[in-house]
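Please model the entire structure based on the sequences and the hints provided.
Quick note, the sequences are listed as chains A and B, same order. Residue 29 is where the first sequence starts when you use the working numbering, and the numbers rise one by one after that. Residue 2 is where the second sequence starts when you use the working numbering, and the numbers rise one by one after that.
Treat the hints as calculated values from the structure; they're not laboratory data. For every residue, glycine included, the Cβ atom is placed at its ideal position computed from N, Cα and C. A portion of the hints provided could be inaccurate.
Said to hold, decoys possible - Incomplete in silico selection of chain B near chain A, CB under 7 Å:
#	residue
1	57
2	58
3	59
4	82
5	85
6	86
7	100
8	109
9	110
10	111
11	114
12	118
13	121
Claimed, not checked - In silico DSBU-like cross-links for lysine-lysine, where the CA-CA straight-line distance does not exceed 30 Å:
#	chain 1	residue 1	chain 2	residue 2
14	A	290	B	17
15	A	290	B	146
16	A	290	B	141
17	B	87	B	119
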Amino acid sequence: MSATDLKTDPAGPAGSTDSYSSIKQPTLSPAVRLGIFIGAVVVGFAVVLGLSSYNTLAVIIVAALVYMVVIYIASRIVEGQRHAVDRLVTGMVTTFFLLALVPLVSVAMTVISEGYKRIDGEFFTSSMRGVIGAGGGIMHALQGTLIITLITSLISIPIGIFAAIYLVEYGNGNRISRALTFFVDVMTGIPSIVAGLFAVALFASLTGDAGFQAGIVGSIALSVLMIPVVVRNTEEMLRLVPNELREASYALGVPKWLTISKVVLPTAIAGIATGVTLAIARVIGETAPLLITAGYIPGVNLNPFSGQMTTLPVFSYNQYMNRGIPPEAYVERAWSAALVLIVVVMILNVLARMISKYFAPKTGR
Amino acid sequence: MSKRIDVHDLDIYYGKFKAVQGVEMTIEPRSVTALIGPSGCGKSTFLRSLNRMHEVIPGAYCEGEVMVDGVNLYGKNVDPVGVRRKIGMVFQRPNPFPTMSIAENVLAGVKLNNQRIKKSDADELVEKSLRGANLWNEVKDRLDKPGSGLSGGQQQRLCIARTIAVKPDVVLMDEPCSALDPISTLAIEDLIEELKADYTIVIVTHNMQQAARVSDKTGFFNITGIGKPGQLVEYDATEKIFNNPNEKATEDYISGRFG
Ligand SMILES: Nc1ncnc2c1ncn2[C@@H]1O[C@H](COP(=O)(O)OP(=O)(O)OP(=O)(O)O)[C@@H](O)[C@H]1O
Ligand SMILES: [Mg+2]
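If you want it as structure tokens, here you go:
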């Protein structure tokens, strides 16, 4: 159909499917859709409350089902088949999104509502030394978590980044790099308790003391878990750096190691930093390997090389499992420690975003 | 500052695959040499072998001689990094460093090599190189802004400025105008004309008019079949190649009666 046809006959022949007038179609107005949505939610509440007691999950499911049926029929009548399917699928995707949110939101709400009770000054400034029953705090566990995570990072980040640089820049798929990739893949799947047992066995043979527990043992166990994550992520980020940049640098007579340190790494640093932060967030919440490597003590220990060291997840576990009298005090401390841990992980995530924003290559004029 | 290049019996490989065979060529100093030929015949491969960029690709290597100023680039004890400082390269797609500003991009050859340079010398070098690349007036007010914020044509001229800032003897250009509009293309052609006074220039192009306009000598590469190595079919003064070539294949290619 040419442009002149359109001008002389804007409506097109009646009923003709190639007429441009078919572009204009009646639509369900936002008000109607909102009405259907509110109606569906009301029906959802009515049905669930009518049959049993209140339950968020059930309300969402019933409301979603009602909404999808009604919107499909309404859209089918007003807008036609294609739009009806579109609205149905949109409704379905949104429902699954909401369902995915349910566990996340309810975990957050539970931890906050249970954990806020002990968020007070004493909780952060005292340890559990000599505390029986109520009171006490997580100072020793917070310090332990920070020390062990710091040592883990100091071990894992350089090893992980250099291994990734080797894989991407020097390996070229040779035997060593293929073996390294294989081991990294295997290590990614190691259950954390295995990493803990490995560290215990290693230090048992080093020190000759089968029951040797210390912060450093925990750090080694966590490193086993963290290194593969750092390698994988850094490798991916380095592969994203276009080869053209490396060639541009070589063509200026820049040697390979300077090209890597001054062109490749700065270009990829945002992604690498984000990945490292998320890897830290991943290991900071480990419980099982720390339970057997660093152990538990009620008091402060700042020396990672001797004596047991408590971390937040182990503290939480210990309070929950070994309740004294009154038990509520122990359970409250467990929840509050969990809340602090979640906040720490959240801070790390925010930090990761800020780092990647800060380092990202700047564009624009 | 410009050097004669003598290529003798050069075979270029990608692993087992021989991409270019038996190139004999003498490139005069202070001249522009154009390389033309159908896609896949090995022009880029040959160009990259002139400053040892070819071997950056895993498995790639060369056999033969490339003599510059009496030194065989592929001889023993020749440092490829040193070669690349003397023989610069501009790529088909502009590739400024995204983490660097315009001024830093120009100084990249100095800064990346950890050479110290006085602030005043650096400013002078930036201005001189950008003027040399016909870009100074367009960017002088935003030297500290990212290089990736420039237009494609400006980015390409920035890459040329970056290349001449390390003061090479030879500048190799691989289809430097293929992503550019006619005006930027003319700007770069004018630039090539000016650079000729100081540098030996080798340029790969698919644009016959461009080859005819800018070059003193032209080399025609061809390939006899898929999987066969490319060869330098004819190499002569540009006028001769375009008006009265010796080889039938050259004439067919230039007149568009190819394939
Ligand atoms: N990295 C590589 N690995 C293996 N073979 C390659 C590689 N790059 C190019 N080749 C092959 O070498 C031959 C020559 O390629 P080259 O890029 O030099 O062609 P060209 O003449 O520059 O073509 P164009 O005009 O399309 O740029 C082609 O057969 C190509 O497939
Ligand atoms: Mg090419």
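Go through the hint on residue 57 (chain B) and say holds or violated, using the shortest Cβ distance to chain A against 7 Å. 6 Å, holds
For a C-alpha distance cap of 30 Å, please report whether residue 87 (chain B) and residue 119 (chain B) respect it. Distance of about 22 Å is within 30 Å: holds.
Mind checking the CB of residue 111 (chain B) against every CB in chain A and telling me if the closest is under 7 Å? Violated - the Cβ of residue 111 (chain B) stays beyond 7 Å from chain A, reaching only about 9 Å at its closest.
Using Cβ atoms only, decide whether residue 85 (chain B) comes closer than 7 Å to chain A, and label the hint accordingly. This interface hint holds because 4 Å falls under the 7 Å limit.
Minimum Cβ distance from residue 114 (chain B) to chain A below 7 Å? 6 Å, holds
Status of the hint placing residue 121 (chain B) at chain A (closest C-beta pair under 7 Å): 22 Å, violated
How about residue 58 (chain B): closest beta carbon in chain A under 7 Å, or not? Violated - the Cβ of residue 58 (chain B) stays beyond 7 Å from chain A, reaching only about 9 Å at its closest.
Does the closest beta carbon of chain A sit nearer than 7 Å to the beta carbon of residue 118 (chain B)? 14 Å, violated
Going by Cβ atoms only, is residue 86 (chain B) closer than 7 Å to chain A? OK, holds: residue 86 (chain B) within 7 Å of chain A, min 3 Å.
Quick check on the hint: residue 100 (chain B) CB to chain A CB, less than 7 Å? 5 Å, holds
Going by Cβ atoms only, is residue 109 (chain B) closer than 7 Å to chain A? Holds, because the Cβ-Cβ distance from residue 109 (chain B) to chain A comes to roughly 6 Å (cut-off 7 Å).
Holds or violated: residue 290 (chain A) to residue 141 (chain B), with C-alpha atoms at most 30 Å apart: 25 Å, holds
Of the hints listed earlier, those the structure fails to meet are numbers 2, 10, 12, 13, 14, in rising order.
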